[in-house]
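Working from the sequences, and respecting the hints, build out all of it.
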Amino acid sequence: MKSLGDLVITISSFLCVFLVLALITIFHKLWWTPNRIQKLMASQGIKGPSYRFIHGNTKEISKMKKEAMSTSLTNFSHDIFSRVQPHILLWNKSCGKNFVQWYGCQVQLVISEPELIKEILNKKDTYPKRKLLPLMKKIFGEGVATTTNPQKWEKLRKLADHAFHGDSLKSMIPTTIASAETMLKRWKNHDGKEIDVYEDFRLLTSEVLCSLLLKTSFKIRFPGISKFFKTSDEIESEKLEKGIRDSIVDIVKKREKEAMTGEENKFGNDFLGLLLKAHHGADDNQRISVDEVIDECKIFYFAGHETTNALLAWTIFLLAIHPDWQEEARNEVLQLFGKQTPNPDGLAKLKTMGMIINETLRLYSPVISYDRRVDREIRLGNLIIPAGFELYISTMSLNSGDKMCIFSNQSDSLKGQDCSVNDSQNYSFTLSPGYVHSPYENLIVRPQHGVQVMLHSL
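So the sequence shown is numbered by numbering that gives the first Met the number 0: it starts at 0 and just counts up by one.
Calculated from the structure, these hints are not laboratory results.
In this text, a Cβ means the ideal position worked out from N, Cα and C, and glycines have one as well.
Be a bit skeptical, because a hint or two may be false.
Unchecked claim - Here are the in silico distance ranges between beta carbons for each label pair:
{"no.": "1", "residue 1": "Leu-333", "residue 2": "Val-248", "range": "42 to 48 Å"}
{"no.": "2", "residue 1": "Leu-22", "residue 2": "Thr-57", "range": "20 to 26 Å"}
{"no.": "3", "residue 1": "Lys-46", "residue 2": "Lys-252", "range": "53 to 59 Å"}
Claimed, not checked - Below 25 Å or equal to it, Euclidean Cα-Cα: the simulated DSS-like pairs (lysine-lysine) are:
{"no.": "4", "residue 1": "Lys-350", "residue 2": "Lys-169"}
{"no.": "5", "residue 1": "Lys-187", "residue 2": "Lys-169"}
{"no.": "6", "residue 1": "Lys-157", "residue 2": "Lys-117"}
{"no.": "7", "residue 1": "Lys-136", "residue 2": "Lys-169"}
{"no.": "8", "residue 1": "Lys-122", "residue 2": "Lys-157"}
{"no.": "9", "residue 1": "Lys-253", "residue 2": "Lys-241"}
{"no.": "10", "residue 1": "Lys-136", "residue 2": "Lys-252"}
{"no.": "11", "residue 1": "Lys-62", "residue 2": "Lys-96"}
{"no.": "12", "residue 1": "Lys-154", "residue 2": "Lys-123"}
{"no.": "13", "residue 1": "Lys-123", "residue 2": "Lys-136"}
{"no.": "14", "residue 1": "Lys-96", "residue 2": "Lys-64"}
Here is the structure:
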């Protein structure tokens with residue numbers, strides 16, 4: 000009995016010590032460390048909203064975003080900062096261009112000062128990308144745009160540069176134009192009627208990307224990215240990710256089979272063909288795995304689809320509310336092409352259309368933030384940043400108002416020009432009375448309720 004009693008006392012003592020240590024660890028992580036960091040940053044002149052136990056500032060941020068999304072912008076205002084990132088705008092005003100905010104117990108230094116942003120983006124080795132959240136990793140994988148491995152990034156970047164150089168982009172134009180012409184044929188049935196161009200461009204960009212990246216029919220559809228954000232069910236999320244992976248694997252197997260039977264010139268000259276050549280290459284240092292092939296297809300499909308879709312929709316919106324610029328762009332297109340199919344050399348001469356697309360990217364830039372991390376204590380400008388910080392680079396304030404700081408992507412601009420030229424040759428458009436101006440952020444800046452316009456054939 001005595002030995003049993005000693006055992007109970009020993010176990011109880013061990014559990015008490017374990018519980019005390021656990022409580023100390025929790026207190027240190029969730030209270031002492033955040034308050035110490037706040038005092039450290041305050042001593043350097045960096046303010047921010049007060050840290051709240053456990054949730055940090057997430058409740059405040061969610062509440063502000065929910066309130067912003069419940070209203071629309073009046074008079075088609077381009078000052079979208081208050082609706083897209085209301086918390087950043089509020090704390091920029093009360094705390095300064097740079098401030099500290101908290102996602103749970105994870106500290107983020109929000110940076111809106113141009114010189115500091117430039118320093119961070121120019122030192123990718125010093126400020127590596129933040130690791131993806133598990134859900135994001137399921138969607139995008141670990142491709143060139145998301146990997147945090149420098150060697151892997153360099154290898155995949157070389158492949159991407161080779162696939163999307165100038166001549167390669169020019170060769171994509173006929174496919175893009177053919178898809179746009181198919182869409183315009185559908186529009187003939189909507190002459191004088193309302194049409195949601197955001198939805199139509201979603202289908203168009205999917206078709207173009209399937210053709211350009213994978214040389215496959217759009218009949219093989221990938222599950223929409225938005226579905227990932229319509230379910231909190233982990234099992235459903237796994238099914239969607241598996242559906243995307245299976246679709247790509249089927250395309251890869253078909254391409255490899257065609258290459259083996261001689262039906263294709265090796266693996267083809269499109270993006271997927273280039274990836275498969277690297278997968279089957281003899282150079283061990285440059286060879287990529289099947290998972291890397293799949294991840295690259297996923298990131299280029301989703302990133303290209305979402306950003307180009309939004310760019311086209313916002314471009315049509317701006318032209319619809321500025322009929323003078325719509326007319327000027329149309330005249331430029333007609334002078335260069337008449338009613339003929341646009342060609343690559345002529346597209347390069349479209350100065351007005353290029354200006355319109357760049358202005359669209361400035362006012363409604365798809366990507367309005369960048370995430371970086373700090374792995375060791377470092378000096379940024381006059382600030383000393385401890386290890387463990389996340390850096391949240393907000394570009395919305397740079398792109399707002401009269402300032403000119405365009406963050407554009409060449410291939411997106413080129414695809415946007417192709418489709419916009421075809422539209423302006425065949426139709427004029429005005430905003431539908433039912434349009435509600437409600438830009439919001441869901442990975443990118445997109446119209447919450449679509450972009451409805453009235454089509455008028457020329």
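Here is what the structure says about each hint:
Checked against the hint of 42 to 48 Å, the C-beta distance between Leu-333 and Val-248 comes to roughly 46 Å, which is consistent with it. The hinted range of 20 to 26 Å is satisfied by Leu-22 and Thr-57, whose Cβ atoms lie roughly 23 Å apart. A hinted range of 53 to 59 Å holds for the C-beta pair Lys-46 and Lys-252, which are about 56 Å apart. Distance hint between Lys-350 and Lys-169 is fulfilled; the C-alpha atoms sit about 17 Å from each other, no more than 25 Å.
Using a Cα cut-off of 25 Å, the hinted pair Lys-187 and Lys-169 is violated, with the two alpha carbons roughly 28 Å apart. About 24 Å separates the Cα atoms of Lys-157 and Lys-117, which keeps this hinted pair within 25 Å; it holds. Note on Lys-136 and Lys-169: the hinted pairing is violated, with a Cα-Cα distance of about 32 Å set against a maximum of 25 Å. Of the pairs offered as hints, the one joining Lys-122 and Lys-157 holds, with about 19 Å between alpha carbons and a cut-off of 25 Å not exceeded.
In summary, the hint linking Lys-253 to Lys-241 is supported, as the alpha carbons are separated by about 18 Å, within the 25 Å threshold. A distance of roughly 23 Å separates the Cα atoms of Lys-136 and Lys-252; the hinted pair therefore holds under the 25 Å criterion. For the suggested pair Lys-62 and Lys-96, the alpha carbons sit about 22 Å apart, so the restraint of at most 25 Å is met. For the hint pairing Lys-154 with Lys-123, the CA-to-CA distance comes to about 16 Å; that is within 25 Å, so the pair holds.
Taken as a hint, the Lys-123 and Lys-136 pair is honoured in the structure, with Cα atoms around 20 Å apart against an allowance of 25 Å. At most 25 Å may separate the alpha-carbon atoms for a hinted pair to count; Lys-96 and Lys-64 meet this at roughly 20 Å.
Consistency note: the structure conflicts with the earlier hints numbered 5 and 7.
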